[in-house]
Structures are given as C-alpha cells and as structure tokens.
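Following the hints, put chain B in place on chain A, whose structure we already have.
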Amino acid sequence: MIGGALLIAVAAWVFGQTPQAPPTKAPDESRAAMVRVENFTVAPSTGPVANVIVHNPAETALTGTLRVNFPKGWTVTPASHELKLSAGQTQSFPFAIKRAADLQANVYPVEVRVESSANVVVRQEVVCASAPYYQPAIDGDPNEWKDSIPITMTTAGRQTVVRLYWNRRDFCMMVEVEEDALAGYNPARPEGPFDAIQFAIAKRSARTGESPADKAQRYEYLVADAGDDDRCFRLITPGTELALARQKRPLEPLRLAEAKVVVKRTGRITRYELAIPFKSMPELRPTPGREFCFSLLVHDTDGAGLRDLGSVMNMWESNRPALAWCRVAGVKWPDRPPFDNKIEFGFCSSIH
Amino acid sequence: MHALLLSLFAAMTYATVFAAESAREQAKSPSAAVEGDGIVMRTAAAQNEDPAKAGTAAADALKKALGQTRPQLVIMTECYDDKALKEKALSAVVSVFGEKTVVGTANYGSFTQAGTMDRDAVCLLAIGGDGIAVSTAMVEKMGAAGLSMEADKDKLAEKLRAAGAALAEKLPKPADGRMMIVLADAHSPKNQFLIKGIQTVLGKDFPIVGGSACKNAGMNWLYYGGKMHTDGALAVMLAGDFNVALAGRQAQSNDKVIATAREGSAEVAGKLKSKPVALLAFNCAGRLGKLDDPADELKAIKASVGGQIPIFGNYFAGEFGPADTEGKTGALCSGCGWHVMFALLGVK
Numbered sequence: 001m002i003g004g005a006l007l008i009a010v011a012a013w014v015f016g017q018t019p020q021a022p023p024t025k026a027p028d029e030s031r032a033a034m035v036r037v038e039n040f041t042v043a044p045s046t047g048p049v050a051n052v053i054v055h056n057p058a059e060t061a062l063t064g065t066l067r068v069n070f071p072k073g074w075t076v077t078p079a080s081h082e083l084k085l086s087a088g089q090t091q092s093f094p095f096a097i098k099r100a101a102d103l104q105a106n107v108y109p110v111e112v113r114v115e116s117s118a119n120v121v122v123r124q125e126v127v128c129a130s131a132p133y134y135q136p137a138i139d140g141d142p143n144e145w146k147d148s149i150p151i152t153m154t155t156a157g158r159q160t161v162v163r164l165y166w167n168r169r170d171f172c173m174m175v176e177v178e179e180d181a182l183a184g185y186n187p188a189r190p191e192g193p194f195d196a197i198q199f200a201i202a203k204r205s206a207r208t209g210e211s212p213a214d215k216a217q218r219y220e221y222l223v224a225d226a227g228d229d230d231r232c233f234r235l236i237t238p239g240t241e242l243a244l245a246r247q248k249r250p251l252e253p254l255r256l257a258e259a260k261v262v263v264k265r266t267g268r269i270t271r272y273e274l275a276i277p278f279k280s281m282p283e284l285r286p287t288p289g290r291e292f293c294f295s296l297l298v299h300d301t302d303g304a305g306l307r308d309l310g311s312v313m314n315m316w317e318s319n320r321p322a323l324a325w326c327r328v329a330g331v332k333w334p335d336r337p338p339f340d341n342k343i344e345f346g347f348c349s350s351i352h
Numbered sequence: 001m002h003a004l005l006l007s008l009f010a011a012m013t014y015a016t017v018f019a020a021e022s023a024r025e026q027a028k029s030p031s032a033a034v035e036g037d038g039i040v041m042r043t044a045a046a047q048n049e050d051p052a053k054a055g056t057a058a059a060d061a062l063k064k065a066l067g068q069t070r071p072q073l074v075i076m077t078e079c080y081d082d083k084a085l086k087e088k089a090l091s092a093v094v095s096v097f098g099e100k101t102v103v104g105t106a107n108y109g110s111f112t113q114a115g116t117m118d119r120d121a122v123c124l125l126a127i128g129g130d131g132i133a134v135s136t137a138m139v140e141k142m143g144a145a146g147l148s149m150e151a152d153k154d155k156l157a158e159k160l161r162a163a164g165a166a167l168a169e170k171l172p173k174p175a176d177g178r179m180m181i182v183l184a185d186a187h188s189p190k191n192q193f194l195i196k197g198i199q200t201v202l203g204k205d206f207p208i209v210g211g212s213a214c215k216n217a218g219m220n221w222l223y224y225g226g227k228m229h230t231d232g233a234l235a236v237m238l239a240g241d242f243n244v245a246l247a248g249r250q251a252q253s254n255d256k257v258i259a260t261a262r263e264g265s266a267e268v269a270g271k272l273k274s275k276p277v278a279l280l281a282f283n284c285a286g287r288l289g290k291l292d293d294p295a296d297e298l299k300a301i302k303a304s305v306g307g308q309i310p311i312f313g314n315y316f317a318g319e320f321g322p323a324d325t326e327g328k329t330g331a332l333c334s335g336c337g338w339h340v341m342f343a344l345l346g347v348k
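In order, the protein sequence lines correspond to chains A and B. Residue 344 in my numbering is what sits at position 344 of the first sequence, and the numbering runs on without skipping anything. Residue 111 in my numbering is what sits at position 111 of the second sequence, and the numbering runs on without skipping anything.
Chain A on its own, in the form it takes in the complex (with noise of 0.2 Å):
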C-alpha cells in the first residue's frame, strides 16, 4: 500500500481505474484530483470538443496544469489548462479535437495528467456516444444497424451492445444482450421474475433531484419481450414528481402505444429494437449537432443481473443518485443504485 505522503511526493499513476472510483481508501489520497473525460459525442473525425471534468476534493486549493493525451496522431487545442479549482469546486475544461481517426471498436484511449503537487495520471477509455441519423424498419433485422456507432459493455463476462439512430419522427434504438436464455414479460404475472431493458433519455441541462418532491427531468422507459406483442413502457416523463420511481407501479397501464417494439433471440443474442416518436418526447429536438442526456440498464434477471451502461462511461462512483431510476417489479436491484441516466450523449449526421 502506498503511502499518502508517498502520493502527494510522486506521480499517482492510475492505470486501468476510472476516476469513479476516487483515491479515497487513505486520507491522503483524498487530495488527488478526480479527473472524467466526456464521452465524445459526435463522431472524432468531425472535430469534436473533448471535455475534461476536474474535481478538486481536497479543503485546499488545486493549482497546476491539466494535460490530456488523446490517441496518437490526433491534433488538439489547447494542448494544457492551466488550473486553479477552489477546495470542492469542480470546473469542465475543453479541448478542441483538429485531427482524428474514428475507430470501429468505438474505444478511445485517453490519458489525462494533473500536474500540481499531487501529480495524477488518469488513464481512460471514452466512447463516442452518438445517434446518426438513420430510418430503419423496426423488424428485429441488425442489418440495418452497421451504420450507427456501437457502445459495447462486458458484466460478468457476457455483452451488451448499445447502437442508437434518430430520424426526425423518432428516437431509435437496436439493444444486443448477450445471455444464456430470455425471461419473457407475462402480462398475466406482471410481477413473475423478467428480463428487461431500461433507458432514461432527458435534454442536456436535466439534473437528477435528490428529494422525493423533485421534479423528474427525463423520459424513462422499459422495454420486454411479450410473445408477439413486445412492450414499451413509459415510467416516467418530466415534471413528474421523483417519489414515482420508488414505487413499483402495475405495468400494463403504462405501455405506450406508439412505440414501435420487437424483441427477436438469435442463439445466445437476444435483440431488442425500438422506435419511440420525438412527439411523445416534447423536451427533445433532435438535430445534428444537439446534446442530450442518455442512459441504460439491461435486467438480466436470471442471468447477470443488472447491467449498467454507466459503468462504461467513466463515471465517479458517486454519482449514483438514488432517483435516477424508476424500481420495477419483477426485475432484479442490487443494493448499490445504478450509475445516474444523465450521461452525455449527441445527435449526429449519418456517418458516411
């Protein structure tokens, strides 16, 4: 175990951890800065602006200089930040990417160093969390789907893969869950144990409220297989109050008609496939260019458990705000709540 003078002394190197899990084990490592690079949310080759999030948890002030080192051969501006973050205060720094590749495996090596008195290196994958524009056929058929940029998360060594479009009448989405078998939905035993999606999209200013009066900000849906006739339900939409997503409320009064579901299995893949109408989504406007908040959950009740999309997000490990998602019935919850659903996500043109 290294020592915290150790720490404040010589560069922390924090190779393969994400800053969600913050150095707070010993008393000194809780001077270091918590670093999270944003997901990139257009393509790279396009020029995007790499946000860096510095928090400062120390009672003393952080001053230094924050570098980033993107993958070889990108070209960034500028290429260091000079900080000077209050103690707790925490502040976004940007970086303007000129020069980059897009990679078909959508993971992006970044490092990012704090040079102050307790140097930092924080070595993260980011992901381009993105939605092209594409109309695809809602039919279960991946085909369709080679266009969008893929955003894969490994639980307990099984996928999840998580590709997204927009066309202007909706918000699309293709889920490939990799499991050993499908608990299908049974409108007959709403409440018998099922395997599920959930995802919460919101616009990008939506915050999660902490106090059961709060206000939801965010549109909140799950998805199930159900036979031939696959559900969408809506959990909860925006300006609703939070106390909501406590309560494990009967399902089927909640299915939204005009969302379009197939949910198709495929050996050990179950596909889920969904289009919900932006009309059903007033607080969005999809345009290229345009941020919104995303997240998603995959229940795998008989297999994994819960899979969070969050965890590949470099999110801090206090960012699990207890109302971000609606409990569900039927569906497995471990005792730690999931990562919050307000992750930044785009909108982005067609990628070709």
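No wet-lab data here; the hints were simulated from the structure. Using N, Cα and C, we set each Cβ at its ideal position, and we do this for glycine too. Among the clues, some could well be false.
As the list claims (entries may be wrong) - Here are some of the chain B residues that sit facing chain A, going by a computed Cβ distance under 7 Å:
1) 49
2) 52
3) 53
4) 100
5) 149
6) 172
7) 174
8) 175
9) 216
10) 252
11) 285
12) 286
13) 293
14) 338
To be verified - Below are the DSBU-like pairs computed for lysine-lysine, each with C-alpha atoms no more than 30 Å apart in a straight line:
15) 83(B) - 260(A)
16) 173(B) - 98(A)
17) 302(B) - 203(A)
18) 88(B) - 84(A)
19) 98(A) - 273(B)
20) 72(A) - 146(A)
21) 83(B) - 146(A)
22) 64(B) - 98(A)
23) 53(B) - 279(A)
24) 88(B) - 279(A)
25) 153(B) - 72(A)
26) 63(B) - 100(B)
27) 203(A) - 63(B)
28) 146(A) - 173(B)
29) 256(B) - 227(B)
30) 299(B) - 348(B)
31) 98(A) - 299(B)
32) 256(B) - 203(A)
33) 72(A) - 84(A)
34) 256(B) - 64(B)
35) 88(B) - 100(B)
36) 271(B) - 173(B)
37) 196(B) - 170(B)
38) 204(B) - 98(A)
39) 146(A) - 153(B)
40) 279(A) - 83(B)
Relative to chain A, chain B alone:
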C-alpha cells in the same frame, strides 16, 4: 449561363422577402429593400410541411420581389426529410424559374434576415442585374460516394482533388471574376480535398465559399438542370465590378456560436469598403445544433450588419471559406467544419 457585365453604374435594387404561409411559420418581416446600382439580389423563404406549397410560396415571393428583373441564377436550399419531398420542393421552384436557372442543395436549415427555419423549408437567393455575371458548372460521378476517411483517405483525396480541378476547368475565368460559390456532396472533412482541387486551377488566393450537402442517409442531394444529383459538386462563378469581403469563424458551444457570428459578420462589414449588397453565410449544422435558440445567431449577425441587408444563410455538413482555425493550408479558403463563412458583397 453566362451574362456579360453591361453597365458599371446601372440602377441597382435590393430587397428580401420572407414568405411563410403555414401555421408553423416562424417569423415575418416587411421586405427589406436597399437601392443600388447594377446588381439585384433577393432572398425568399417559406416553411410548410407540404414541400410543393413551400416551394411555390417562396418562388412566387421571390419573383414578386424581383419585379422586372430576370434572375440569372436562383440558388435553392431545402431541408425536407425524404427524397420524394425534396423532389416536390425542387419541382415547385423550377416550375417558376426554369430548370436552367435553378441550382442548389439539400441542407439542415436556413435563414434570411427575416427569420430562421430548421425544418420543412425552402430558401431561395436570386442573383440578377446587369452589374454581375454568373456562370455555373457541375461535375458528377466524383467517385467519392461510399468512401470513408478512415478506410479510403488516399482514394478520397485523389478522387475529390480531380473532381475539384475538373469543376474549375469547366467554368470560364473572367478577368473580373470575384468569387466562386461551391455546393458539393462532400461533407467535412472530405471537403478539404475538393477545394484543393479547385485551387489547382484558380490559385490559392481566389475567394471560394460554399457548403456541403446534408449528409444524412438518403438526403445528400444537389440540384442542377432541374434534376437531383449525388456524388457531385457544382460551382457558381460571380464576376463584375463589385467587392467581396470574407471572414470565417469556428465555434462549438451556444455562447461561442453567437459570439463568432457577431464577430465574423462585423469583420466583413468592417472590411468591405463599398456599399453592401447582400450577406451570404455558409454555416455548419453542428453550430445550429449547439444553439439553445436558433434565432440567436441571426440576431447576432443582424446586430453587426443591420436589418436592411439581404441575408442568405444556410446550415451545411461542411463549409468552404477562410478558416480561422489552426492548420491552415496557406490558401485563402479551405474546406472544414464547425465554421460560419461570411461573404459580404458590395458595390463601389
């Protein structure tokens, strides 16, 4: 299409008409009109879920504003969602002005000095008068369709440079050539190669502005000769005894988009040492996406150039013009993204 410059000091009028007949219209304003000599530039725009109605409304309004002036060229942009809708918008405009007069492209939205429209709209710019000469050309089958920067960069560069050079070669090069407008199915960052090809013919110091067609799947159309084209580029050469002032600005956040629009338009207003005729703004759809209120950018522009100058602004998938970013090529203009490129035309 090539008209000779007949008179340096003939009567010149300016007006802009904003037409909007649907319930979803965003703004209305009286026609702006500035009297001048020899060059007639008008804009009109209309918004309607029915593209034929929008096209007809905009074209009729433009024709009315032109009065007795026969336009040498009408540049048309539209932001409908499907090919069939785009076809109807084009047909409506062509039915008024003729297929040889209309060129244009699909985009993400547009603005005149009267308002901003980011869906279901047709926007038109007419150029006429005997103080300006207009010639146009198009190249097709550039060979760039389906190629990506990641997998095919060298091939893309080769194809688009060749297409750019071929496009420039097709146009006459009048001694009084002042500016080229390029509309292309080559989005950022591919657009850099096309303009480099053009510059092999015109030189690196010739003013070139323009935009890239909407790149959404199935929406990347150019309009030329009354027909719809993809994998092509078209150019408009403007010649005559007038001045052009250029400025470009990049931004990627709401506040900076507004600020750079104000600064860039103020820069061209300050640089132009003659009476302004019209302001052209080739803008990035990404900038539009960063705006909390799309009207704010236009307000900033009008704060710089006033409310009487006709403004023809469009949001594209890449822009041609004087980039303000690092990595300049040594040329006056380049192809890039996240910019607004201003061209302010003025007469002595």
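Checked hints:
Here the hint on residue 49(B) is broken, as its CB sits about 11 Å from the closest CB of chain A, past 7 Å. The interface hint given for residue 52(B) is broken, as the beta carbon of that residue sits about 18 Å from the closest beta carbon of chain A, more than 7 Å. Interface hint status for residue 53(B): violated, as the beta-carbon distance to the closest one in chain A is roughly 18 Å, over 7 Å. Hint on residue 100(B) is violated. Least Cβ distance to chain A is approximately 31 Å, over the 7 Å limit.
At a threshold of 7 Å, the smallest CB-CB gap from residue 149(B) to chain A is about 6 Å, leaving the interface hint in force. Checking residue 172(B) against chain A: minimum C-beta separation of about 34 Å lies over 7 Å; hint violated. Given hint, residue 174(B) at the interface with chain A, is violated; its Cβ is 36 Å from that chain's nearest Cβ, farther than 7 Å. For residue 175(B), the interface hint is violated, the least distance from its beta-carbon to any beta-carbon of chain A being 37 Å, above 7 Å.
Nearest Cβ of chain A to the Cβ of residue 216(B): about 4 Å, under the 7 Å cut. The hint holds. Contact between residue 252(B) and chain A, as hinted, is supported at the beta carbon level, the nearest pair being about 5 Å apart and thus within 7 Å. For residue 285(B), the interface hint holds, the least distance from its beta-carbon to any beta-carbon of chain A being 5 Å, beneath 7 Å. At its closest, the beta carbon of residue 286(B) sits 4 Å from a beta carbon of chain A; the interface hint therefore holds under the 7 Å criterion.
About 11 Å separates the beta-carbon of residue 293(B) from the nearest beta-carbon of chain A, more than 7 Å, and the hint is not met. Interface restraint check: residue 338(B) against chain A, minimum CB-CB distance 6 Å, threshold 7 Å, status holds. A C-alpha spacing of about 24 Å is found between residue 83(B) and residue 260(A), which places the hinted pair at or below 30 Å, so the restraint holds. Between residue 173(B) and residue 98(A) the alpha-carbon distance is near 34 Å, which puts this suggested pair outside the 30 Å criterion.
A hinted pair counts as satisfied when its Cα atoms are at most 30 Å apart, and residue 302(B) with residue 203(A) qualifies at roughly 29 Å. At most 30 Å may separate the alpha-carbon atoms for a hinted pair to count; residue 88(B) and residue 84(A) exceed this at roughly 57 Å. Restraint check for residue 98(A) and residue 273(B): the C-alpha separation of about 34 Å exceeds 30 Å, so the hint is violated. Pair hint residue 72(A) plus residue 146(A) holds up; C-alpha atoms about 26 Å apart against a cutoff of 30 Å.
Between residue 83(B) and residue 146(A) the CA atoms are separated by roughly 22 Å; this keeps the pair inside 30 Å, and the hint holds. The straight-line distance between the Cα atoms of residue 64(B) and residue 98(A) is roughly 45 Å, outside the 30 Å bound, and the hint therefore fails. At roughly 24 Å between alpha-carbon atoms, residue 53(B) and residue 279(A) fall within 30 Å of each other, so this suggested pair holds. Simply put, residue 88(B) and residue 279(A) have alpha-carbon atoms about 25 Å apart, close enough for the 30 Å limit, and the pair holds.
At most 30 Å may separate the alpha-carbon atoms for a hinted pair to count; residue 153(B) and residue 72(A) meet this at roughly 17 Å. Restraint check for residue 63(B) and residue 100(B): satisfied, since their Cα atoms lie roughly 16 Å apart, inside the 30 Å limit. A hinted pair counts as satisfied when its Cα atoms are at most 30 Å apart, and residue 203(A) with residue 63(B) does not qualify at roughly 41 Å. Between residue 146(A) and residue 173(B) the alpha-carbon distance is near 44 Å, which puts this suggested pair outside the 30 Å criterion.
Using a Cα cut-off of 30 Å, the hinted pair residue 256(B) and residue 227(B) is violated, with the two alpha carbons roughly 38 Å apart. With a C-alpha separation of about 27 Å, the suggested pairing of residue 299(B) with residue 348(B) holds against the 30 Å cut-off. About 29 Å separates the Cα atoms of residue 98(A) and residue 299(B), which keeps this hinted pair within 30 Å; it holds. Only pairs whose Cα atoms come within 30 Å are accepted, and residue 256(B) paired with residue 203(A) is accepted, the gap being roughly 20 Å.
The straight-line distance between the Cα atoms of residue 72(A) and residue 84(A) is roughly 28 Å, inside the 30 Å bound, and the hint therefore holds. This hinted pair does not check out: residue 256(B) and residue 64(B) have alpha carbons roughly 37 Å apart, beyond 30 Å. A distance of roughly 17 Å separates the Cα atoms of residue 88(B) and residue 100(B); the hinted pair therefore holds under the 30 Å criterion. Taken as a hint, the residue 271(B) and residue 173(B) pair is honoured in the structure, with Cα atoms around 25 Å apart against an allowance of 30 Å.
Our distance criterion of 30 Å between C-alpha atoms is met by residue 196(B) and residue 170(B), whose separation comes to about 16 Å. Simply put, residue 204(B) and residue 98(A) have alpha-carbon atoms about 22 Å apart, close enough for the 30 Å limit, and the pair holds. The hinted pair formed by residue 146(A) and residue 153(B) meets the criterion: a straight-line CA distance of about 20 Å does not exceed 30 Å. A hinted pair counts as satisfied when its Cα atoms are at most 30 Å apart, and residue 279(A) with residue 83(B) qualifies at roughly 22 Å.
This entry does not satisfy hints 1, 2, 3, 4, 6, 7, 8, 13, 16, 18, 19, 22, 27, 28, 29 and 34, going by the numbered hints stated previously.
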